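Undergrad: Residue strings, one per chain:
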Amino acid sequence: DQQVKQNSPSLSVQEGRISILNCDYTNSMFDYFLWYKKYPAEGPTFLISISSIKDKNEDGRFTVFLNKSAKHLSLHIVPSQPGDSAVYFCAATREGGATNKLIFGTGTLLAVQP
Amino acid sequence: ETGVTQTPRHLVMGMTNKKSLKCEQHLGHNAMYWYKQSAKKPLELMFVYNFKEQTENNSVPSRFSPECPNSSHLFLHLHTLQPEDSALYLCASSPGTGNYGYTFGSGTRLTVV
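Chains as they are written, first to last, in our numbering: chain D, -8 to 105; chain U, 285 to 397.
Don't take every hint at face value.
What the hints assert, rightly or not - The list that follows gives simulated cross-link-like pairs (lysine-lysine, BS3-like), each with its CA atoms no further than 30 Å apart:
# : chain 1 : residue 1 : chain 2 : residue 2
1 : D       : Lys(-4)   : U       : Lys302
2 : D       : Lys92     : U       : Lys306
3 : U       : Lys302    : D       : Lys92
Keep in mind the hints are simulated off the structure, nothing from the lab.
As the structure is a computational prediction, the values presented were derived from the model and not from experiment.
Could you put together the complete structure from these sequences and hints?
TA: Pasting the structure below:
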């Protein structure tokens, strides 16, 4: 049972345009969501996060939107740059316990065309 | 340098071999994790350690044996693996409590022949 789903395995966008990556989750107990970016031969790096008490969080070119009723979040990158080409993983967790266990999606490969 | 170092970066081993993966962090984090990344699958959580104690084993076969001698070091001992165990094995650490993201290492690309 996959609790975090990224239904688009890949996305291609022109440089300067908006990239929108989507993520759905099934567990209503999740209350914190993160996006990670991964280049080949490297580990994932943290990009941006959002708590369930918010519906939007912005950091420079990156904005994450959360729709709790739809159990859906999205990552917007504006403007997209060729260096943004990577695999993007959505992750979710719930507060409580001694450690925060992150549940990841399958990732979306973003290709930004010059 | 991400703060989490994994060695080796690449490993090829036979099904009868015994090998170990090493992970080291100097971020002062209290929790460490092993994840497995196979093609077209989500990152799969394998083990969680908090203050050196294992708090989660996600139904991982016994041919994978973790060891956490202190909060800075984590090992994954491998023996009698199968070709389907070939994957990227990622180590991560986090402060432990609260909602924080992980810091990942670069991973060990394991090939079982």
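Undergrad: Each hint needs a verdict: does it hold in this structure or not?
TA: Against the structure, the hints come out as follows:
1. Proximity of Lys(-4) of chain D to Lys302 of chain U is assessed by CA-CA distance (about 35 Å); at most 30 Å being required, the pair is judged violated.
2. A distance of roughly 21 Å separates the Cα atoms of Lys92 of chain D and Lys306 of chain U; the hinted pair therefore holds under the 30 Å criterion.
3. For the suggested pair Lys302 of chain U and Lys92 of chain D, the alpha carbons sit about 29 Å apart, so the restraint of at most 30 Å is met.
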